[in-house]
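*Asks:* Residue strings, one per chain:
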Amino acid sequence: MENIDLDLNTQSVREINQFFHNLNSSDKREFEILHPNGAHNIAVGLDAPITVHIRGHAGYFIAGMNKQAEITIHGNVGWSVGENMMSGVIRVNGFASECAGSSGHGGLLIIDGDASSRCGISMKGSSIVVGGNVGHMSAFMAQAGYLLICGDADHGLGDSLYEAIIYVRGKIHGLGTDAREEQMEEPDYNKVSELLDMAKFNYDPKEFKRVASAKTFYHWSPNSKQFSVL
Amino acid sequence: MNPDQSREENFSFNSKILNYIYQAAETGVYDIRGLGAKRHVPTFDDLVFLTASMSRYPLEGYREKCKTKTVLGTRHAKKPIELDIPITIAGMSFGALSANVKEAIGRAATEMGTSTTTGDGGMTQEERQSSKTLVYQVLPSRYGFNPDDLRKADAIEIVVGQGAKPGGGGMLLGLKVGKRVAEMRTLPEGIDQRSACRHPDWTGPDDLTIKILELREITDWKLPIYVKIGATRVKDDVKLAVKSGADVVVIDGMQGGTAATQETFIEHTGIPTLPAIRLAVDALQEIDMYGKVQLILSGGIRTGADVAKALALGADAVSLGQAVLMALGCNSPHYVIENDNVDVTSEYHTLGTTPGYCHHCHTGRCPVGVTTQLPDLEKRMHPEWGTRRLKNYLQTITMEMTTLARACGNSNVHHLEREDLVALTLEAAAMAKLPLAGTDWIPGEKGI
Ligand code: SF4
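Chains V and G, in that order, are what the protein sequence lines are. Under the numbering used here, the residues of the first sequence are numbered 2 to 231, in order. Under the numbering used here, the residues of the second sequence are numbered 765 to 1212, in order.
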């Protein structure tokens, strides 16, 4: 099928998003977005099983609230890529800035490089696979879903976690409040292997550690430590 | 010495403070409660209207028309909100409130031609169906937030803060986190849920500018975008909200309510609604955006007089929360089933309170079935009855507001102005920057 080119040198973000929003929700075509030049809000609110290639670096909120679409950014992205995504696949070939995949309800976000702080903050059922390292406070208050980190995790990992599960291959520089490392079991190895396959990363699931909630914040109690003496 | 002579109450350690210390010493945790600040602060009751006489002539109170139509979101949205009255319903979550209450609110608001607002936890199908004009909140928690509901909304409200707890996140204690609420919020059933106080995907006004553009892009620039802030540094915050691209700024004063938060937040943070509106108007005027960005005021608005005063001070509309719950029976000694009053005073006592003093929404055991998720209690507030009550209440305060507007010589409630008001107390005069009644003295003006 023929690719359709959209060019941010000659079209506005508004025109390109409107074009996508006018598509039929069963439209399966493939699109290229040329010259993103760091623009924000490209390909947000999509709801069709289309394939989109963004050829270059892009700004904030790229592919926000995505449904169905498969979107690849051939470059780096700014804050909050794939925020509140519902389904579909988003892949960043480069690095992602802060809050990547925040509040994702479903679908898969893959970041080939590093992701900055608060990756997977508030996630609610999506899966995020990071090829490199993640910054501090990643998966903060994450409620459901999986964050798989092939590199290291900076301090405050999984602070105030709910039911989301984190897998880390590299070094954990510090766990957040109420997060704890747990034994990997058979279902964990299977899940890690499944996520690695989907992201096309070639690591041994046996190298990964599991981080989950200690659940001491689930119920209001004077014994859940709510202040720091340091 | 006669023991009576030594009975002088300690001002610093009075009985209220003693109880507070005893309870803290007993439990090791702070108090959580619902509703808003209970302490006395300067309010709209400290202002009066200078209605018409010789210098202006009034309109006939019952016959002459007085327009109440209100348009919100004219700055950027392709489809601004058009309301029949400038009285809107504030965001209150399904979870904090029962489904029956959400339905009654939607139906009454629709009958009165005004808007209602979702809350933490997302949009229920029932409230979308019952509300003609529905504002969809974007909250820090993003519970249940999704682009389909976003596109179904008539306006979007980004909640930065709330008057009862500016700088704090929401709470919903376990008893209210039943199956449906838990599913909507993607949380385990029965946990004491504490939501975030910061948004997950932006932190400052520069990011918010881009976030607002994202929401506009997703909704094809159709919907107005409100930014709601708890009243603290009002001038700076209003200017930053406008800079970020807001069509409408919602200011919630410290008397604003909540379903549950720490008592220390409710009573000790934020500024009252009265100075908040004046500061918000000043802010818009300083950046030449007054009339271009609309202002909605909330936080303890109760009567038609309150609404008229808010409008005279420069608000385009008001938003009601607690008063709505009270119209539906909150703090009443009885609930009504098939025209019979059923006394529930003893149930208030079980909660450790009594009708007229209750602020126990956080418990989920509301004796009149307003702030509950328990099926037996929820039945006590029947949607038909609630719709009628709330509609009556909104109608009453609308009529009061128009009565005052006409008496000031206005055929449109939006023509009420600051010059129509004076203050009865020094504090109110200083906060609202209005003359003290009987003088031309505005405290703080001209350096005195
Ligand atoms: S009566 Fe119900 S709604 Fe009113 S304060 Fe008590 S618990 Fe809350």
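If you are wondering where the hints come from, they were derived from the structure by calculation, not from laboratory data. Bear in mind that the values here come from a model prediction, so they are computed numbers and not experimental data. Quick reminder that beta carbons are idealized off the backbone N, C-alpha and C, glycines included. Check the hints yourself; a few may be wrong.
Beta-carbon label-pair distances, calculated as ranges [unchecked claim]:
1. V:ASP198 - G:ILE1051: 52 to 58 angstroms
2. G:LYS842 - V:HIS156: 41 to 47 angstroms
3. V:ASN38 - G:GLN1049: 36 to 42 angstroms
4. V:GLY152 - G:ILE1051: 29 to 35 angstroms
5. V:PHE202 - G:GLU1148: 44 to 50 angstroms
6. V:ILE5 - G:ASP970: 32 to 38 angstroms
7. G:ASP795 - V:GLU33: 55 to 61 angstroms
*Asks:* Now, for every hint given, state plainly whether the structure supports it.
*Replies:* Here is how each hint holds up against the structure:
1. V:ASP198 - G:ILE1051: 52 to 58 angstroms: With Cβ atoms ~54 angstroms apart, the hint holds.
2. G:LYS842 - V:HIS156: 41 to 47 angstroms: With a Cβ separation near 45 angstroms, LYS842 of chain G and HIS156 of chain V satisfy 41 to 47 angstroms, so the hint holds.
3. V:ASN38 - G:GLN1049: 36 to 42 angstroms: holds (38 angstroms)
4. V:GLY152 - G:ILE1051: 29 to 35 angstroms: violated (46 angstroms)
5. V:PHE202 - G:GLU1148: 44 to 50 angstroms: violated (58 angstroms)
6. V:ILE5 - G:ASP970: 32 to 38 angstroms: holds (33 angstroms)
7. G:ASP795 - V:GLU33: 55 to 61 angstroms: Holds: the Cβ-Cβ distance is about 59 angstroms, inside 55 to 61 angstroms.
Of the numbered hints given earlier, the model fails hints 4, 5; all others are met.
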